[in-house]
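**Student:** As a plain string of letters, each chain reads:
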Amino acid sequence: MSSDKIAVYNLADLKGTSDDALPNYLNSLKFAQSHKLVDVRLALGYTAFAISAVCFAWDYKLGFENTKLYTTIAVALYTIINGILTLWIMFKEKGIVYVGTAPSGETITISSSTTKNVPIYNITVTLSSPKKGVPDETINISRSFAEWFDVTGAFIATPFQSMLASSVELVGKSDPKRVAGTSKNESESNDMSPEMIDAVLTATGTEAAAPSGKKGGKRRKA
Amino acid sequence: MPHPSSKNATPWLAPKPSPRQARWHLIPATKTPAVSAAGATKSPIMVAALGNPRQLAAQVLNFALVLSTAFMMWKGLGVVTDSPSPIVVVLSGSMEPAFQRGDLLFLWNRNLLAETEVGEVVVYNVKDKDIPIVHRVVRKFGSGDHAKLLTKGDNNVADDTELYARGQDYLERKDIIGSVVAYIPFVGYVTIMLSEHPWLKTVMLGIMGLVVVLQRE
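From first to last, the protein sequence lines stand for chains E and H.
Position 106 of the first sequence, counting from 1, maps to 106 under the UniProt record's numbering, and the rest follow consecutively.
Position 90 of the second sequence, counting from 1, maps to 90 under the UniProt record's numbering, and the rest follow consecutively.
The shape of chain H in the complex, shown without the other chains:
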């Protein structure tokens, strides 16, 4: 609420003051000199902005730690599984009926006990293409790091040679970013929504930020 006397400081602009305004004017005027009333309209804003710097820093920190903890958990999972992207979402129906669009897959990218074999569902990256692909290994020639692997989607008619980079006829172990070890159906659909409607991301980030800043719980 603005200070009543400051509101009435420009009476030539205001319409005829109502009796209520006039009464309000009298009470503070006896207590507050005009000078401090003018000052009072400025200083509170500055005080509010500066506020208590430690409290502000603590609230910003809460938000920052939520973000950084999420990121570090993701990186931690990546380090443990040795995969740059330990959790992926199925984007196409090429592996139906095993996996549907929106399924969340958990990957493991270490060959501790056994090599990647025919029958495993793997996620691989193709050179110069950013989207990882989830398909099954259907052929393997040789063994070790340079074994030649051929993949195919369960629901596709042909194998993946069409999908590979120009001149590439097979995958090697290094192209694979993990084998599927567990999955949760459908929950990844949120991310499909987010990537197909990018404005949802902005909305979600904004809401998260607001909630953290405004809450003290």
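Here chain E stands alone, though its shape is the one from the complex:
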């Protein structure tokens, strides 16, 4: 999704594209992503769906009166599982878009949020050390989406990555060339030289799951 153009006035698109770019970037730096949160959500959701599908099947085949007891049980189960799912999304996921382990062994958790009609990306990075007794470190970053989306709505990976690498030391260590001040990236961000364009293209192209080739497809988004 990171190489599709989006409508720059659509906050959900801005956030979604940026959220998708996080795992692409961090996984390319040999961070090991943990999918536990989303896997639990999918398991709960599909279990609930399976219950309602079975309920639909017996209702359709046998009618209402013959299956009343089972339907009652299914409705109760569905309500409970859906309730757990809602609680899971509200209190466990809490907007977390990335959980991973750095090569150095630290766990990094990133949650993101936006305020309605404010084009600012708020992310909270929580770092926890594998060693006991070391308190978790929390970093809050609030940056304008305009820093990594151009006027046409194309996502530019370099400034986005440098935002993360400069603010989070753990990421900066894995990707020193994106840390602000150590390269000319910052000064050139407005007027991109051919070398810069190449850098941006290769950066997007080498990201682990980044669909670099999407540029070549005929796929369109409505």
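Take these hints with a grain of salt, some might be off.
What the hints assert, rightly or not - With a straight-line cut-off of 20 Å between C-alpha atoms, the simulated EDC-like cross-links for lysine to aspartate or glutamate are: (1) H:Lys127 with E:Glu65; (2) E:Lys68 with H:Asp175; (3) H:Lys129 with E:Glu65; (4) E:Lys68 with H:Asp82; (5) E:Lys61 with H:Asp130; (6) H:Lys174 with E:Glu65; (7) E:Lys61 with H:Asp82; (8) E:Lys61 with H:Asp128.
These are computed hints drawn from the structure, not numbers from a lab.
Start from chain E and add chain H according to the hints.
**Tutor:** Quick look at chain H alone, frame taken from chain E:
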């Protein structure tokens, strides 16, 4: 946008290349070997289709949960009211002026406090007929589950004996799927439209599906 060099890979088919195409050809050609250009036209489609399986699964799940939640709410309402069809739409004018075509009726099918009595508007099913009928109880003989009930539409001249199954002269409690306890005028007209013009259903389902799949909000 297709890779420029792949577009020019068959120059014998293309008309005389314009200067613009020629210039485009030069730049990537210096960077990309021909082999990877050919590969690049294939792999992105596969990547796009596989995409991120979890994200795809999550989006499909959103759609699935909208459908299943609607269904389970309907079934939940059915279980609470003890009625196989707790909400019905009036299809005919036989109960005017009480109910018009398109009125949405809410049913209750439990006799917790009192039996179904004369004067109540009930919805009943006739054996071997699928369409439920909304009419008023006008006669009752006996009491309990096997009380004999006769119904009639307020706007009809005759009672319902004509409508009942062959050989059936009265209803019993088990034929009734609920008494009307509340109604909303006219909103059910949408379903009348949908059943009279079935293609609207396809259109509506398609639009719903598309919206859910394409939106991330």
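**Student:** Against each hint, give a clear statement of whether it holds in the structure.
**Tutor:** Each hint tested on the structure:
Taking the CA atoms of Lys127 (chain H) and Glu65 (chain E), the gap is about 15 Å. The hint holds against a cut of 20 Å. Between the alpha carbons of Lys68 (chain E) and Asp175 (chain H) the distance comes to roughly 17 Å, so the proposed pair stays at or under 20 Å and holds. For a cut-off of 20 Å, the pair hint linking Lys129 (chain H) to Glu65 (chain E) stands: about 17 Å separates their Cα positions. For a cut-off of 20 Å, the pair hint linking Lys68 (chain E) to Asp82 (chain H) stands: about 8 Å separates their Cα positions.
Restraint check: the Cα-Cα separation between Lys61 (chain E) and Asp130 (chain H) comes to about 15 Å, which is no more than 20 Å; the hinted pair holds. With a C-alpha separation of about 11 Å, the suggested pair Lys174 (chain H) and Glu65 (chain E) falls inside the 20 Å cut-off, and the hint holds. Under the criterion of a C-alpha separation no larger than 20 Å, the hint pairing Lys61 (chain E) with Asp82 (chain H) is consistent with the structure, at around 19 Å. Restraint check: the Cα-Cα separation between Lys61 (chain E) and Asp128 (chain H) comes to about 16 Å, which is no more than 20 Å; the hinted pair holds.
Hint compliance for this structure: no hint is broken.
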